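Colleague: Based on the sequences and whatever the hints tell you, model everything.
Mapping the sequence shown onto this note's numbering, position 142 (from 1) lands on 142, and the numbers just tick up by one.
Derived by calculation from the structure, the hints in this document are not laboratory data.
Note that the structure is a prediction, hence the values are computed from the model and not measured.
Each hint should be verified, as a subset may be incorrect.
Claimed, not checked - Derived DSSO-like pairs: lysine-lysine, alpha-carbon spacing no greater than 27 Å straight-line:
#1 Lys165 <-> Lys179
#2 Lys135 <-> Lys94
#3 Lys135 <-> Lys64
#4 Lys64 <-> Lys94
#5 Lys94 <-> Lys71
Unchecked claim - Label pairs and their in silico Cβ distance ranges:
#6 His161 <-> Asn44: 24 to 32 Å
#7 Ala40 <-> Arg70: 28 to 36 Å
#8 Ala20 <-> Asp76: 14 to 22 Å
Note that CB positions come from ideal geometry on N, CA and C, so glycine has one too.
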Amino acid sequence: ENLEKSMVAPTPLAHKIASAMLTMNRRYDEAITEAERAIAIDPNDPLGYIALAEVFIFIGSPEKAEALIRKAMRLDPQEHGPYLLALGKAQLVKGAAADSILLLQRAAQRSPDNRLAWMALISAYGSLGRSEEAKAALMTLNNLQRRDKLVSFTVSRAREHWPFKEAGDRDRFLDGLRKAGVPEW
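Modeller: Take a look at the structure:
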């Protein structure tokens, strides 16, 4: 309802939120359009490029995502958690789990309450067989979940909340979680 109201005279933020919602609903072409609209309104807003990069990550185009993330980082050279998280996710989708870990660790350090950073980090650790680090990250994530009165993290929840278009990307991510010891249900 609020998003509909904001789209009467849309701001870049409204388009970025719409893009994220459409991505979660696996309406990727529309999500790309919304992120591009955010960029068109304010090409100097780095988060517009991050919004577009997120769509490209989930449709299996991590190279395009990386270029957009690097553009965002040039516009705002501070090492912000969202940039590191997006770059880490792009590396993970590329199959470069080792490279993603350093980025995701920094993202989690900068934003320790960001569950997505912990989820991606758990998958990366699991992919590389780094079980002790994966268990520690899972414990941190589940402590956040309990603190906020949410249920523990599972593979089935990840399947719902990580909207990969390509089955191979989704399966690689979920397999990393399984190898890390994340329960299925």
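Colleague: Kindly indicate which numbered hints from before are broken by the structure, ordering the numbers from low to high.
Modeller: Hint check: 3 and 7 fail, others pass.
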